[in-house]
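Start from the sequences, fold in the hints, and give me the full structure.
2 protein chains.
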Amino acid sequence: MTAADSTRTFDLPIAVDAMGGDRGPEVVVEGVLDAIENYGGKFLIVGNRKFLYDAMSARGASGHPDITIIHAEDVITMEDSPVDAVRDKTHSSLVLAAREVREGRAAALISPGNTGAVLAAGTLLLGRIRGVERPGIATILPTATDHSVLIDVGANVDSRATHLLQFGIMGSIYARAILSIADPRVGLLSIGEERTKGNELTKEAFPLFERLFAESAHHGRFLGNVEGRDIVNGRADVIVCDGFTGNVVLKFGEGLAFTFIDLIRSRIKATPLRKLGALLVRGAFAEMKKKIDYTEYGGAPLLGVKHPCIICHGSSGPKAIMNAVRVTREALQFDICGRIERTIKTFNEESRNAS
Amino acid sequence: MTAADSTRTFDLPIAVDAMGGDRGPEVVVEGVLDAIENYGGKFLIVGNRKFLYDAMSARGASGHPDITIIHAEDVITMEDSPVDAVRDKTHSSLVLAAREVREGRAAALISPGNTGAVLAAGTLLLGRIRGVERPGIATILPTATDHSVLIDVGANVDSRATHLLQFGIMGSIYARAILSIADPRVGLLSIGEERTKGNELTKEAFPLFERLFAESAHHGRFLGNVEGRDIVNGRADVIVCDGFTGNVVLKFGEGLAFTFIDLIRSRIKATPLRKLGALLVRGAFAEMKKKIDYTEYGGAPLLGVKHPCIICHGSSGPKAIMNAVRVTREALQFDICGRIERTIKTFNEESRNAS
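If you read the protein sequences in the order shown, they are chains A and B. Just so you know, we're using the working numbering here: the first sequence kicks off at 1 and counts up by one. Just so you know, we're using the working numbering here: the second sequence kicks off at 1 and counts up by one.
By construction, these hints were calculated from the structure, which means they are not laboratory data. There's no promise every hint is true.
Copies of the same chain look alike in the list, so a pair counts if it fits in one copy or across any two.
Said to hold, decoys possible - Pairs of lysine to any residue residues, derived as SDA-like cross-links and limited to a Cα-Cα distance of at most 25 Å, are as follows:
id, residue 1, residue 2
1, Lys289, Asp11
2, Lys290, Gly63
3, Lys197, His313
4, Lys289, Asn38
5, Lys289, Thr90
Please read all numbers here as calculations on a predicted model, not as lab measurements.
Listed below in structure tokens is the structure:
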């Protein structure tokens with residue numbers, strides 16, 4: 001099956017790996033049940049049969065008509081070596097869930113497990129879309145005005161200029177699907193706005209972006225180089241970088257946001273008067289926390305594989321799982337994988353004709 | 001003159017480029033006068049004579065005994081191409097100030113001008129310390145517990161493993177001098193803690209760090225790889241990365257902090273009750289702002305050149321200049337340049353003997 005068939009698969013269930021996360025299968029079951037309540041849909045939950053039955057009945061949902069449980073004897077842990085584990089642990093919940101998708105019995109894969117293993121399962125079992133050189137992980141970040149898409153945040157460590165270009169194409173499609181931005185502004189992350197600023201990689205990528213976006217407005221607008229501050233100030237909708245830089249930025253941002261909240265929380269309670277003030281403004285903090293809370297964004301998709309593959313944070317709770325389902329449904333509705341396949345195909349044909 | 005002589009130069013004045021910043025020579029004069037009041041010391045202020053005399057007399061400081069004004073006809077602007085400007089604009093305030101240091105009439109250079117040009121002046125005019133492959137820019141960041149040093153934040157775009165190792169040595173010396181940390185914890189910025197995680201560069205650098213720190217506790221303790229979150233959570237005192245990644249991180253952090261403050265400020269005034277609360281907690285915000293305010297940290301030194309060379313933010317005001325003077329004085333007192341020279345020399349000799 002190719003990605004282009006995925007529109008036909010929207011009535012198929014979504015396969016969810018329930019075992020790989022830090023918080024066990026109960027939170028995954030809970031998240032899926034919440035998702036069914038809010039969005040509907042059918043699910044295959046893959047994991048230890050006993051744990052899953054127990055979790056279902058604890059929620060009074062034994063024999064739920066929209067959930068099929070698939071037993072998996074094994075689990076890939078956070079300590080497992082990703083590629084080895086996906087190859088060797090053939091009875092793990094992740095591998096079985098991915099196989100349901102690969103063999104056409106499910107439309108998409110969600111896992112809160114070992115990120116490297118989900119990446120390996122996505123690439124090796126779901127399969128790369130033809131013409132995509134390297135799949136990339138996209139993530140949504142809050143900005144001053146709205147949200148932006150950062151791609152790649154860690155699927156690859158050493159990238160080439162053509163990989164960055166494809167991240168730009170895929171990120172732009174994702175921004176249209178999930179953020180509903182008709183004409184995304186795409187920036188190449190660098191250390192100065194001039195085209196001559198950057199490292200070897202970005203300097204090589206810059207003219208490729210320029211040519212692509214000049215030839216077809218279809219991909220959005222190319223802003224040229226953007227800088228670190230532009231990731232959050234609302235200037236760009238899609239920010240493209242290599243996976244090393246993106247991963248550092250993502251984890252730094254998480255760390256900074258939480259450090260910031262901790263610091264302000266301790267200072268805001270330093271005197272009795274401030275404590276009273278803190279009580280009055282706590283709603284503002286709750287809103288801020290929601291804005292920077294990754295669980296609101298529902299996981300990060302691996303773009304460039306044949307079916308939606310959503311990588312959730314290892315510590316995902318029910319809300320993160322539920323939001324991952326929402327994102328997965330949007331990805332299916334928008335036919336992201338099919339669009340990526342067609343766009344990359346056209347792009348590659350045009351590139352061949354031009355050269 | 002070699003860096004080792006710099007201890008003898010502590011009674012020499014500090015040369016300050018007054019013209020290159022965004023906010024004109026007045027704020028530089030003001031910052032220097034504030035620094036003299038707080039810390040003492042002698043200064044050469046380099047720039048347009050008339051502007052500087054006017055600024056001095058506006059502060060009632062005409063003919064101040066600790067300030068010598070050196071006239072410069074030209075100025076390097078933010079738009080100038082750095083290396084060309086340093087080579088061609090021989091009568092610019094930056095080049096003349098750097099020449100005062102190079103020719104032994106001043107002990108250190110401070111400039112809020114074009115960062116690339118200050119970098120070029122530092123490397124070309126002050127000169128690299130023998131044995132240092134690439135100078136690197138260090139910056140101090142606030143963390144949950146205290147502060148950390150991030151190096152390199154943009155002196156280089158494409159680095160080699162041996163450059164990173166030298167950044168580690170220099171950053172460790174800087175942390176001891178400015179943060180008074182006797183035994184700095186040094187981390188290599190990567191995307192996973194295991195030694196096998198990272199890009200080609202960090203994977204090559206990891207064993208170099210391991211060997212160096214195992215052989216000599218003198219450099220501090222090597223934490224191995226650290227991740228983006230560790231830049232701010234207080235786990236590491238010195239975080240080493242290539243200048244591309246460091247520059248992106250620095251600008252992203254600035255952007256995120258200000259976006260964060262803007263967001264919370266707008267939410268905290270959303271209702272009348274919250275406005276009252278905001279009034280009560282405003283002290284907490286002022287403390288936070290101070291903590292993340294770059295002007296408190298007094299500019300970023302270019303480490304690896306023969307004399308202290310402090311690069312200030314282009315929009316530096318009097319306080320940032322004053323703090324840059326404080327940092328410069330600490331760098332001189334601790335003899336950072338001499339220590340870097342001796343440490344790198346010993347390190348290079350040991351490396352040669354080992355191979």
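Broken hints, numbered, in rising order?
1, 2 and 5
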